[in-house]
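> We have chain A; now place chain B onto it with these hints.
Protein chains: 2
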Amino acid sequence: MSLETEIKTDELLEKAAAAKAASVVLAQLSTDTKNRALEAIARAIRAHEAQILAANANDCAIAPPRIEIDRLRLTHERVAGMARDVEAVAKLADPVGEVFDATSRPNGLKVSKRRVPFGVVGVVYEARPNVTCDVAALCLKTGNAVVLRGGKEALESNRAIVAAIHQGLAGSDVPESAVQLIASTDRALVQRMLKLRQYLDVIVPRGGQGLIQATIENATVPVIETGAGVCHTYVDASADVEMATRIVHNAKVRRPTICNALDTVLVHRSIAATWLPAIAASWAHVPVEMRADPEAARLLASAGVACTPATAEDWGKEYLSLVAAVKVVGSLDEAIDHIRMFGSGHSEAIVTSDDKAASRFLNEVDAAAVFVNASTQFTDGAEFGLGAEVGISTQKLHARGPMGLRELTTYKWVIEGTGQTRP
Amino acid sequence: MSLETEIKTDELLEKAAAAKAASVVLAQLSTDTKNRALEAIARAIRAHEAQILAANANDCAIAPPRIEIDRLRLTHERVAGMARDVEAVAKLADPVGEVFDATSRPNGLKVSKRRVPFGVVGVVYEARPNVTCDVAALCLKTGNAVVLRGGKEALESNRAIVAAIHQGLAGSDVPESAVQLIASTDRALVQRMLKLRQYLDVIVPRGGQGLIQATIENATVPVIETGAGVCHTYVDASADVEMATRIVHNAKVRRPTICNALDTVLVHRSIAATWLPAIAASWAHVPVEMRADPEAARLLASAGVACTPATAEDWGKEYLSLVAAVKVVGSLDEAIDHIRMFGSGHSEAIVTSDDKAASRFLNEVDAAAVFVNASTQFTDGAEFGLGAEVGISTQKLHARGPMGLRELTTYKWVIEGTGQTRP
Chain A
13 MSLETEIKTD ELLEKAAAAK AASVVLAQLS TDTKNRALEA IARAIRAHEA QILAANANDC
73 AIAPPRIEID RLRLTHERVA GMARDVEAVA KLADPVGEVF DATSRPNGLK VSKRRVPFGV
133 VGVVYEARPN VTCDVAALCL KTGNAVVLRG GKEALESNRA IVAAIHQGLA GSDVPESAVQ
193 LIASTDRALV QRMLKLRQYL DVIVPRGGQG LIQATIENAT VPVIETGAGV CHTYVDASAD
253 VEMATRIVHN AKVRRPTICN ALDTVLVHRS IAATWLPAIA ASWAHVPVEM RADPEAARLL
313 ASAGVACTPA TAEDWGKEYL SLVAAVKVVG SLDEAIDHIR MFGSGHSEAI VTSDDKAASR
373 FLNEVDAAAV FVNASTQFTD GAEFGLGAEV GISTQKLHAR GPMGLRELTT YKWVIEGTGQ
433 TRP
Chain B
13 MSLETEIKTD ELLEKAAAAK AASVVLAQLS TDTKNRALEA IARAIRAHEA QILAANANDC
73 AIAPPRIEID RLRLTHERVA GMARDVEAVA KLADPVGEVF DATSRPNGLK VSKRRVPFGV
133 VGVVYEARPN VTCDVAALCL KTGNAVVLRG GKEALESNRA IVAAIHQGLA GSDVPESAVQ
193 LIASTDRALV QRMLKLRQYL DVIVPRGGQG LIQATIENAT VPVIETGAGV CHTYVDASAD
253 VEMATRIVHN AKVRRPTICN ALDTVLVHRS IAATWLPAIA ASWAHVPVEM RADPEAARLL
313 ASAGVACTPA TAEDWGKEYL SLVAAVKVVG SLDEAIDHIR MFGSGHSEAI VTSDDKAASR
373 FLNEVDAAAV FVNASTQFTD GAEFGLGAEV GISTQKLHAR GPMGLRELTT YKWVIEGTGQ
433 TRP
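Chains as they are written, first to last, in this note's numbering: chain A, 13 to 435; chain B, 13 to 435.
A couple of the hints might just be wrong.
Copies of one chain are not kept apart here, so a pair can be met inside one copy or by any two copies together.
[Claimed, not checked] Taking lysine to any residue pairs in the SDA-like style, the calculated list, with each CA pair at most 20 Å apart, reads: (1) K125 to G403; (2) K125 to L374; (3) K207 to I224; (4) K329 to R209; (5) K368 to S124; (6) K207 to L25; (7) K164 to G109; (8) K122 to G393; (9) K122 to D367.
Think of the hints as simulated: they come from the structure by calculation, not from any bench.
Bound conformation, chain A alone:
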């Protein structure tokens, strides 16, 4: 091990150990105490705006070309937005302390579960400084300490933001050591962080597919993963043509760059000749490029609409842009089979007026969110009523789909006896 790596290893161990120690205190804090600390952080973010923007300007000035500068750059509005988001988290209900599944056993033992923080959450993310403030607030609200490791291109911005957070915490009952920023930019350190089971209770990767894949492949700390969304909408034989057009248009066009945006539309043969020209007309104004299978292409051509022929790569592709694959299917079964083969388990929708088809679709499609007669763009913590969103999970363990504050907690079993021994 080189001396440099050794020093950086020490930074990780020291900061993770300090976070663990802080987590013991954090777990016992009242909701009020945590909320006051969050409000103090919001004020400190505003008070440090000049320092944060200056640090960010330095980061932007030396950012390599591969970095999405728009996501790295902070402005007055963005810093104000960060502060407002922290205040919004303060206003949410605190899941910690909830008692559930309580029972009395025949031997008199009172058994229940109590919701508690994880302890220490590790967050690995890219050059997006707003994530620093966002996840720190979510973790503190749920009584978790946090070890942050952001993209090195945002290091100065992150330092300035965490300095503000620490200044906010300094006047509160939350220990400053509850929020730790790893300053080393050594990649070997991330590898070690992913395996730091003695200090980290869970790892949350926030970012693109490469980051998430690397986390899954290397972590021995349990991971809450988020991931790609290859989203289908199936327009059933019985669909209302106008409703189907509105929903599919929205699912693609509202925000094409997010994970719940439509990628492929499947349409039943019996309605395709009517509906395909309708959606093509709706999309023509945007415009959306349609990649059509041969049958859809023929029907579109008959209606005088040009499209691109779909290739094998179009099925199961997440476009994140104004492109949609289009395919004609002969039945609900064919639609479900196509989704099973090419979906990523994120968000899938059917447009139908047939209750039986709706019910089969909801039952048989295996995805985090299944929709009837609504746009897949609704897959979102706020839209589902969760308040803050920690992310959208595409795994099945612990949490699936939009994750709220509750998903940043675990539980302990509490057993109260009067001297019981087990026979």
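Relative to chain A, chain B alone:
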């Protein structure tokens, strides 16, 4: 890749793909259909007793000395017990299909969560043939297909048991392919199985610490881990001496070889001179070897009781035998700190008549199960009212402590609209 590895790789991929296909059918089956299949399996296990025992005799005859033959060997009673256990699983409530967290959003969307199977569960275990039948029943009940990979020393037993399971399923509506046994004994195959994310939704290791550690280190499929229990009981200053003696005796002696058995007892200084001779007298009949810190050793010597001096290795050690570490502490804080340092997050208890001490212990000790005035040996699915127990989780993600059938499921978000699009 050698030809042999290639062939074995194919076995894994073929069987895992078949399990995935079966999981689609399984997820839609009614509780009645699954229960009838389980009852048919129980009958088939009884009908195949001779074949199962003959296969097991072959396994036992060639088992290497390192294998715990008592755990490998089947008898008439054990086979009958396996069949009874399958019937017991049939009688439990089915968690699949439960609807929860249902809300209506301001835009009219009806949003709820629906409990669904994981899909395919991979189980990696040691040379314990009863696990084969046990986990297959738990998985089928929860609508999951299962890929089993047991210790190679039990292969013939496992083949015979799975043959019986398949024969039971043959007359049912559950596809036989829902239960897959990997016959290859190549260790490289286990490594690949742990990374088979396209087919396996979760991996459950069942066995000793080495197996679990290897699973955690190598799996990219999400893991539900179970683990070691280093369990403490703290006898508070205010404890009832007789109750404390009964509870601590039971926690150590009832079954010393299981993970919830007491390893270390901590006793408050103010009660130690009275209580230590009492527990020593109670344990003397067993006998339990006491490994005492200097202060406890002095107090025991004054009462004429011999003990072994504790060494640094005794703190945090899981004995799984009739040995207990004993330590005098000066305060509740010292007890909690000791548990924080040396506990494994499994089961921890306090004996006290002081509500404030009880409350602090329950709040501040970070473990899957925290007890007041009861034996840690109660940490068990049946004792907590779960019916069947899938295992005892020592991780914080998804499930903590005893896991019931519900912990073998996940959920999907179901969103029912009337044409809503997102603004």
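> Within a copy, between copies, both or neither: where do K125 and L374 come within 20 Å Cα-Cα?
Result: close only across copies, 11 Å inter versus 31 Å intra.
> Evaluate K329 and R209 at a C-alpha cut-off of 20 Å and name the case that applies: within, between, both or neither.
between (35 Å within a copy, 19 Å between copies)
> Have a look at K368 and S124 and pick one of within, between, both or neither, based on CA distance no larger than 20 Å.
between (40 Å within a copy, 19 Å between copies)
> For K207 and L25, with the copy left unspecified, which applies at a CA distance of at most 20 Å: within, between, both, or neither?
So K207 and L25 pass the 20 Å test inside one copy only (12 Å; across, 29 Å).
> Given a CA cutoff of 20 Å, do K122 and D367 count as a within-copy pair, a between-copy pair, both, or neither?
between (44 Å within a copy, 15 Å between copies)
> I want to check one pair: K164 and G109. Are their C-alpha atoms no more than 20 Å apart within a copy, between two copies, both, or neither?
So K164 and G109 fail the 20 Å test inside a copy (37 Å) and across (45 Å) alike.
> Classify it for me, K125 with G403: is the Cα-Cα distance of at most 20 Å met within a copy, between copies, both or neither?
between (25 Å within a copy, 17 Å between copies)
> Within a copy, between copies, both or neither: which one fits K207 and I224 at a CA-CA cutoff of 20 Å?
Both ways: K207 and I224 sit 15 Å apart in one copy and 15 Å across, limit 20 Å.
> One pair to classify: K122 and G393, alpha carbons no more than 20 Å apart. Within, between, both, or neither?
between (34 Å within a copy, 14 Å between copies)
The structure fails to meet hint 7 from the earlier list, while all remaining hints are met.
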